[in-house]
Amino acid sequence: MVENTNSTNTNLEYKRAKRKEEMKQQVVTFALMIVFTIIAFTMVTADLDKLFVIPILLVLAIVQVGFQLYYFMHMSHKGHEMPSLMFYGGVSVAFLTILTMLVLVWW
Amino acid sequence: MSTTIEQNKGFGATLWDYLTTVDHKKIAVLYLIGGGFFFILGGLEAMAIRIQLIKPANDFVSAGFYNEILTMHGTTMIFLAAMPLIFALMNAVIPLQIGARDVAFPFLNSLGFWLFLFGGILLNASWFLGGAPDAGWTAYAPLSTTSPGHGVDFYVLGLQISGAGTLIAGINFLVTIINMRAPGMTYMRMPLFTWTTFVVSALILFAFPALTVGLFLLMFDRLFGSGFFDASMGGNSVIWEHLFWIFGHPEVYILILPAFGIFSEVLPTFSKKRLFGYTAMVFATVLIGFLGFMVWAHHMFTVGLGPAANSIFAIATMAIAVPTGIKIFNWLFTMWGGSIRINTAMLWALGFIPSFTIGGMTGVMVAAAPADYQYHDSYFIVAHFHYVIVGGVVFGIFAGLHYWWPKMFGKILDETLGKITFWTFFTGFHLTFFIQHFLGLMGMPRRYWTYGADQGLELGNVISTVGAFLMAIGAIVFLYNVIITTIKGDKVSGDPWDGRTLEWSIPNPTPHYNFTQIPLVRGLDPLWIEKTEGRKGMTPAEPIGDIHMPNPSILPFVMSLGLFIAGFGAIYQIDNPIWLVVLIIGMGITFGAMFIRSVKDDHGHHIHKEDLDKGAGL
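Going line by line, the protein sequences match chains A and B. Going by the numbering used here, the residue at position 49 of the first sequence is 49; the numbering climbs one at a time, nothing skipped. Going by the numbering used here, the residue at position 3 of the second sequence is 1003; the numbering climbs one at a time, nothing skipped.
With the rest of the complex left out, here is chain A (with noise of 0.2 Å):
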């Protein structure tokens, strides 16, 4: 019996250290978001050049969606295997068709 309240003791105990982990990520990320629109809004008010300003844009949109899916929506936990290929799958036939109608129909 002893053993056994231990074990669980160690375990709540181990489940407190890893939420509170996950709640420091959580935080960081959702700061690092706020300040990724900061930079977003402010780079288009300063009046850039275009071809300096979009592919930032794009590559910090890009960032946090995956912050938004890996932190927020936790697939960073496990058993999400499936649903990151299917995921991933969709992404990358969709990137293909925005590819071919870049380079293919419009360039």
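These aren't lab readings, by the way, just hints derived from the structure by calculation. Glycine residues also receive a C-beta, built at the ideal position from the N, C-alpha and C atoms. Heads up, some of the hints might be wrong.
As the list claims (entries may be wrong) - So the derived list for chain B, only partly shown, Cβ under 7 Å to chain A, looks like this:
1) I1178
2) V1238
3) I1239
4) I1246
Once you have looked at the hints, place chain B on chain A.
Frame of chain A, contents of chain B only:
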């Protein structure tokens, strides 16, 4: 719970049962009837094409009508015959093969079928309402955007509705196969037909949205005055070709992969050996699915994409021959040294291997971009894709129907008639299409309604038409076989072929709930493992308990009917805005049915374990 015991019912009750059913086995029968009906329709169109081309400058049909027949033959055969017949087999077999009591979303399964059927009816209603679509099954812009009348509008709306049904069915099978496999059935223990269905469902999920988008753009161009494909308004007609083939090329793999799966079930069963190179087969299936998305532009070599793009797509296309070759060799090795029984299902599988290999070989030929400039839009292409689609998919459907008929209907299709079907259809098929390779090389263009007398094309076309009649005879004998077997055939046991996979562990007739106890899977070919260890059936993975089953519902039918009505409204509102009322009424019916579905709780019903041995749900 005597109400769950099926009794002899009147016609009305049976009809209502099928209109409301969410049972995957009954939906399979519905898909079979729907797909079979459209297969006959597409076949009649094919016969009209061949009769028109039997002699030079024939006038059996007019040029305009020929365009309509040709368009509808392609569209019907791909979307309304081949796809639903494949879905019929998937629905009949997949839940049984993975040890599940139904699919993951039985309601959506029913919705998928009714959307397909109403989409197909809408498309074919165009025959009676001023002319069918006439821009080819590919509906290239600007031919499709400028085609007069409402034909192409019916194409757009009909395919949009039935395409939604296909998308729903694909998602349903994905979730079913991921989540509902019996205990012990890991991914690498799934039968090959389940594997191919799984990969195909993923292809449907990724490919059909491209068609949906393309059809929406075409709809806006035709019905609402936009200019996506109109160069004079800043659009670009090549966008349609890309969108169509980004969908269209995976589509042909969506058709052929399940056929591969069927042969991978039939050949081991009738060779009494496990499938040779199972792991390689799975790998090849996944690889074909993956590569299938990177080759669409080989349909567009002559568009002028430039040498770089053409080279990339040519090499990617040729690469697909590698996994397909792996499969062909594995089927041959499966039979090698086996104790082979040759019956009708096996005959179709044996006929498939050389036929499909010829189609694959011409495929590599047309994949060579410079040579394709010669083959493009000639009868060589027609011969090529009929070799892969008839020689692959249709042979696969026939093999699957003969193989699983005892599981679906409890009786074995007559073997003599089956063999007559095979030999007439097989001979007719090669007569019809082999000669078309040479007609194409001699310069006969595809899709033309007639040809001149002095071009040396007469003999080839006569042979081709004779072959088409043989195929028609084969199909008629098959229909006769179905009728005579239904009337006179004897009931067989649940395992008439000495099968290897889970579906053959179920008694005949299959109970409503499939498995009294979910079986425990201990390896590939689970039933065969139990047989070799001297057991009669599967080891159960759970005690006998109450079985939870979904309730029937008429809502899928109503939702699809609503979209069908709305389709007419959308098509005719361009003539007279009053038709917008029909559009709104149709959408209202659909949204109303969706609202009822959302607010009404439906938790299904339980079959209590005390009633199981009294025959509940049989």
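Evaluation of the provided hints:
1. I1178: holds, 6 Å
2. V1238: holds, 6 Å
3. I1239: With a minimum Cβ separation of about 6 Å from chain A (threshold 7 Å), the hint on I1239 (chain B) holds.
4. I1246: Holds: closest Cβ of chain A sits about 6 Å from I1246 (chain B), inside 7 Å.
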